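Asks: Residue numbers (my numbering), protein chains in the order written: chain A, 1 to 197; chain B, 1 to 197.
Derived by calculation from the structure, the hints in this document are not laboratory data. You may find that some hints are simply not true.
Because identical chains cannot be distinguished in the list, a pair is counted as satisfied if it fits within a single copy or across any two copies.
Under the rule of at most 27 Å between Cα atoms (straight-line distance), these lysine-lysine pairs were calculated in the DSSO-like manner [to be verified]:
{"no.": "1", "residue 1": "11", "residue 2": "33"}
{"no.": "2", "residue 1": "160", "residue 2": "33"}
{"no.": "3", "residue 1": "15", "residue 2": "54"}
{"no.": "4", "residue 1": "15", "residue 2": "33"}
{"no.": "5", "residue 1": "188", "residue 2": "100"}
{"no.": "6", "residue 1": "165", "residue 2": "54"}
{"no.": "7", "residue 1": "125", "residue 2": "162"}
{"no.": "8", "residue 1": "162", "residue 2": "54"}
{"no.": "9", "residue 1": "33", "residue 2": "125"}
{"no.": "10", "residue 1": "125", "residue 2": "100"}
{"no.": "11", "residue 1": "54", "residue 2": "33"}
{"no.": "12", "residue 1": "33", "residue 2": "100"}
{"no.": "13", "residue 1": "100", "residue 2": "54"}
{"no.": "14", "residue 1": "125", "residue 2": "15"}
{"no.": "15", "residue 1": "15", "residue 2": "34"}
{"no.": "16", "residue 1": "125", "residue 2": "54"}
{"no.": "17", "residue 1": "11", "residue 2": "34"}
{"no.": "18", "residue 1": "54", "residue 2": "188"}
{"no.": "19", "residue 1": "100", "residue 2": "11"}
{"no.": "20", "residue 1": "100", "residue 2": "34"}
{"no.": "21", "residue 1": "34", "residue 2": "54"}
{"no.": "22", "residue 1": "34", "residue 2": "125"}
{"no.": "23", "residue 1": "125", "residue 2": "165"}
{"no.": "24", "residue 1": "100", "residue 2": "162"}
Quick caveat, the model's predicted, so the values are computed rather than measured.
There are 2 protein chains.
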Amino acid sequence: MSGFYIEQLVKTIAKLPSLGTRSARRITLHLLKKRESIIPQLIQTLQNVYDNVKVCEICGNYDVESPCPICASSNRDHHTLCIIQDISDLWALERGGLYKGVYHILGGVLSAIEGITPDDLNIDKLLTRIEQEDITEIILALPATVDGQITMHYISSLLKDKEIKVSTLAQGIPVGGELDYMDDGTLKLALDMRKQL
Amino acid sequence: MSGFYIEQLVKTIAKLPSLGTRSARRITLHLLKKRESIIPQLIQTLQNVYDNVKVCEICGNYDVESPCPICASSNRDHHTLCIIQDISDLWALERGGLYKGVYHILGGVLSAIEGITPDDLNIDKLLTRIEQEDITEIILALPATVDGQITMHYISSLLKDKEIKVSTLAQGIPVGGELDYMDDGTLKLALDMRKQL
Chain A
1 MSGFYIEQLV KTIAKLPSLG TRSARRITLH LLKKRESIIP QLIQTLQNVY DNVKVCEICG
61 NYDVESPCPI CASSNRDHHT LCIIQDISDL WALERGGLYK GVYHILGGVL SAIEGITPDD
121 LNIDKLLTRI EQEDITEIIL ALPATVDGQI TMHYISSLLK DKEIKVSTLA QGIPVGGELD
181 YMDDGTLKLA LDMRKQL
Chain B
1 MSGFYIEQLV KTIAKLPSLG TRSARRITLH LLKKRESIIP QLIQTLQNVY DNVKVCEICG
61 NYDVESPCPI CASSNRDHHT LCIIQDISDL WALERGGLYK GVYHILGGVL SAIEGITPDD
121 LNIDKLLTRI EQEDITEIIL ALPATVDGQI TMHYISSLLK DKEIKVSTLA QGIPVGGELD
181 YMDDGTLKLA LDMRKQL
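Just chain A, with the same shape it has in the complex:
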């Protein structure tokens, strides 16, 4: 491939998540072909995000405002706090529009392998919020992995002397899930946790 700037663009795009060199080449070619209509718009959109988006000082969400619209809204239930790993989880829950409380973003989960300790997570801020805000229920919506479970145990141990209801998300067969596509762990859990009709 000739052309230094083209190669540089392919390399920059290839470093983004879910992309490799092959798809980076396809995207670069698309950008080159439609460059009058796409490149200036993409630059402007990136610049807008760079200039305007900040981190919410309360929950850790990204928005043009801090506090973010969720933390600032009087329509949300500020007594219920949902603890999540990352902003993508907030986006997923908000898309469904089913949750009416507020959030706290940890920024990760504890991990012995990756060396992530409580100090690396947004936990101090969580304890301050629990002191200062009138929170009555905490939902631990962390991933159903070993690290996620350990983090949930750690946080619930910090909360055990407080008068707060702590819950986690239900586990089992997902809606529309076919049994023969489920792993053994999920099947065992769904059997153990079976509900009487």
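Position chain B against the provided structure of chain A, taking the given hints into account.
Replies: Then chain B, alone, in the frame of chain A:
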């Protein structure tokens, strides 16, 4: 998802080829998290491409120069012309470094379904090049699809009165290809075209 600018960035990224909304969200989140290190660099790279890359007036390649380094090089064989569908094919052939001639990019192949006629392709320019340059061999490296075959037939019919050797790429089992993964068409072709040892 809250934040107008974030949503706009997700939508812009999701329109790129090989990406959907889910991967666009992952990429946006990555850009937000590493924005100090990534976003200014990405904007600069896009701006460089936008400002500097042009289309080669001879072959249709993209480069910062026109004529492009391939057309301008005295180390290439300017008597051999490889006709390709798109710039990605040029990139693929150049990566291998096996071809030493020059290129002509058609910008597509004839297609009755998509309504692509000879006027939509870079064919007039091809005929002018054949008149003006001293071309002795043309390699039709177009895709091995029905539309590709039709385009090859069309171009070779235009060339039949000229003293030019016209060839197409060999077809058969790819290197490392396992027979039980090949489609019936390829197997039949590989059998019909078998080479005596």
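Asks: Could you tell me which of the numbered hints above are not met by this structure, giving the numbers in increasing order?
Replies: Checked against the structure, the hints that fail are numbers 2, 5, 6, 8, 14, 18 and 20, while the rest are satisfied.
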